[in-house]
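Trainee: All chains should be built: construct the whole structure from the sequences, respecting the hints.
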Amino acid sequence: MRKTVAITVLSAAMLTSCVSKKKYVELESELDDTRSTLQKTQVEKEEIESKYAKVEARVAEYNAKINSLREESDEKMEMNDLTVMSNNNKAKMRATIAKMDPEKVAGAETLEDSINLAVSHNLKQSISEGSDEGDVDISVDKTVVMINVSDKLLFGDGSYRVRNDANKLLKKLSEVINSEPSMEVMVEGHTDDRTMVEGSYLKDNWDLSVRRATSIVRILQDKYDVDPAKLIAAGRSSYSPLVDNDSSDNMAKNRRTRIVIIPNLDKFFAMLESGQ
1 MRKTVAITVL
11 SAAMLTSCVS
21 KKKYVELESE
31 LDDTRSTLQK
41 TQVEKEEIES
51 KYAKVEARVA
61 EYNAKINSLR
71 EESDEKMEMN
81 DLTVMSNNNK
91 AKMRATIAKM
101 DPEKVAGAET
111 LEDSINLAVS
121 HNLKQSISEG
131 SDEGDVDISV
141 DKTVVMINVS
151 DKLLFGDGSY
161 RVRNDANKLL
171 KKLSEVINSE
181 PSMEVMVEGH
191 TDDRTMVEGS
201 YLKDNWDLSV
211 RRATSIVRIL
221 QDKYDVDPAK
231 LIAAGRSSYS
241 PLVDNDSSDN
251 MAKNRRTRIV
261 IIPNLDKFFA
271 MLESGQ
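According to my numbering, the sequence shown is numbered sequentially starting from 1.
Misleading hints may appear alongside valid ones.
What the hints assert, rightly or not - Pair by pair, the computed Cβ-Cβ distance ranges are: (1) Leu31 to Pro181: 50 to 60 Å; (2) Glu61 to Leu242: 18 to 28 Å; (3) Val197 to Ala53: 22 to 32 Å; (4) Lys223 to Asp157: 36 to 46 Å.
What the hints assert, rightly or not - Taking lysine-lysine and the DSBU-like style, the derived pairs with C-alpha atoms no more than 35 Å apart in a straight line are: (5) Lys22 to Lys90; (6) Lys124 to Lys90; (7) Lys104 to Lys253.
Keep in mind that the hints were calculated from the coordinates and are not lab data.
Every residue gets a Cβ at the ideal spot worked out from N, C-alpha and C, and that includes glycine.
Mentor: Spelled out as structure tokens, the structure:
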């Protein structure tokens, strides 16, 4: 009887030892897999950080160019002095102003204001033909042209795939860009502050905004032959809103793509002519 009990106890101990060792091996294997995954994730993280650092450097360089251009404009373009403009450009500006809504023109207090209004009007007529009034907004600051295009004109909700209907606008935009070899362009994606749906293929609004910008840039390059050396793609996520994200209408305003164009001075004045 004692022998039987001893054998039973010994067998149980051996079985327990076997199970524990097997479990240990499984856990050790899982730990190795986790370490491998962690190492791979760390490498991917470093690659992404390096990529974004390069993009941020290009954006910073571009913004520095914008600021430099504004300073240069202050020095070279005394906008209150009509001698800066040729008689031909003055005539084009006046012709454009004459066709505009008097209420919009009434806000122009200086020659600079009038030129900016005329350039904005002509570009909008050319680029946004067939679009709703609020889908494209163009403003000018010291010869830097800023074009805001609404989300609904370019993309589906939460998507970075460009709508087929947007091709007409992008074709017109490419014609403006290609008309001047020295022109430079930055495409910025902007979102509202809603979070991504759980399990989405998009990580967050940073991801969405950058992908939207690169989608536009690729079409300009691949379909409309814009020199990629002219182009910068950037994402601003939800951190540069036009208005507070406190209503559906305001969120729609914040979901946009901003296209910033730096033309040289001659090309800027050429934009006073409709259809350029």
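Trainee: Work down the list of hints and note, for each, if the structure agrees.
Mentor: Against the structure, the hints:
Restraint check, Leu31 to Pro181: a C-beta distance of roughly 58 Å satisfies the suggested window 50 to 60 Å. Between Glu61 and Leu242 the CB atoms are about 25 Å apart, so this pair conforms to the stated range of 18 to 28 Å. Separation of Val197 from Ala53 is about 29 Å and conforms to the stated range, judged on CB atoms against 22 to 32 Å. The given range of 36 to 46 Å is broken by Lys223 and Asp157, whose C-beta atoms sit roughly 24 Å from each other.
For the proposed pair Lys22 and Lys90, the alpha carbon gap of about 87 Å is over 35 Å, so the pair is violated. Taken as a hint, the Lys124 and Lys90 pair is honoured in the structure, with Cα atoms around 20 Å apart against an allowance of 35 Å. Using a Cα cut-off of 35 Å, the hinted pair Lys104 and Lys253 holds, with the two alpha carbons roughly 21 Å apart.
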